[in-house]
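Asks: Given next are the chains, with one letter for each unit.
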Amino acid sequence: MNIWLAIGATALGCYAVKLAGLLVPAGLLERPLVRRFAALLPVALLAALTAQQTFADGHALVLDARAAGLAAAVVALMLRAPFLLVVAAAVVVTAGVRALGG
Amino acid sequence: MAEQTALTDIRADGGGRPDAAVVRDALGVGVAVGLSGFAFGVTSAGSGLSVWQTCALSLLVFTGASQFALVGALAAGGNPLTAAAGAFFLGVRNAFYGLRLSQSLALPRAVRPFAAQWVIDETAAVSLAQPGRRAARIGFGVTGLSLYVLWNLTTLCGALGAEAIGDTDAWGLDAAGPAVFLALLAPMLKTTAERAVAGLAVLLGLGLLPVLPAGVPVLTAALAAPVVLYLDGRRRGRGAAGRVDTGEEER
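Listed in order, the protein sequences are those of chains L and V.
Taken in order, the first sequence gives residues 1 to 102; the numbers are from the working numbering.
Taken in order, the second sequence gives residues 1001 to 1251; the numbers are from the working numbering.
Okay, chain L solo, but in the shape it has when bound:
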């Protein structure tokens, strides 16, 4: 039930901001400071999420096969690989390292 609560809250919140953008008068959100903040907020969240989901196990920091997978994703990104290939590289390398006992 708790999970449904989270799903409901996320769905409502995310829909509300999408709709707000289409309905709100332009001047309100067009202030430079607000715009810069909105551009930097996802950067902070995505960076923190990437790091956590790679190096965290519960409340402990760990270095395991996921780090190798993420490194593969970095390489794929630097080679300008398409989105799906970046994700696939991370998955395949992580699985490979685990299979080798990493």
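Stretches of chain V that chain L covers, calculated by requiring three or more beta carbons in the stretch to come under 8 Å of a beta carbon on chain L:
| no. | stretch |
| --- | --- |
| 1 | 1026-1037 |
| 2 | 1077-1085 |
| 3 | 1189-1195 |
| 4 | 1204-1210 |
These are calculated hints, taken from the structure and not from any lab test.
Note that beta-carbon positions come from the ideal geometry of N, C-alpha and C, so glycine has one too.
Following the hints, position chain V against chain L.
Replies: Below, chain V without anything else, positioned relative to chain L:
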């Protein structure tokens, strides 16, 4: 004959692009990104959500990063509302896409509540790249429809597949979430300020992980944005005091 059609198309929009070219671009994005719903379905089911819950997220939330963030936080044992808050903050950027799109698409008010669900990174990227209103509307509609349909179908397949194979970690599928975040993040790291925000957020997110409840460190890491914005503003302020002429020229 084909040439003639192309010419008519161009004229129909006073300098716009041929419809076929817009549709091709839109489908390219819609299909490529739509297929990655598979990774979401697998990740979500692997995080312990049911197939119904997974599909509800793709149907109702429909903004990839928020969906991954939510299931990641729930899997880490986060409080449901903390998890939802993180997902919500990631969705806030869509408001700014909507703002831009409402100008370029000029949709009738009655249509906006329906179009809103499709206001995401990809539809904004495709439609805002178009030269005219007609092309922008086609780009938005085709990207939105193809991505929504495919994303939901592949989410279902991924969720069913994850249930079938059991231990998704053994297949390395727990690396899909962070790889998706990284792929979304990489093109945003253009300026020093953006890199500083990312670096500080990583430090906060990992540093606070052992001491704060699950899900809270990510929300705290969001503070990296206002902190860097403030420091950047002070630096600029000082620079402007020294050289008055370059003062306000941000945009």
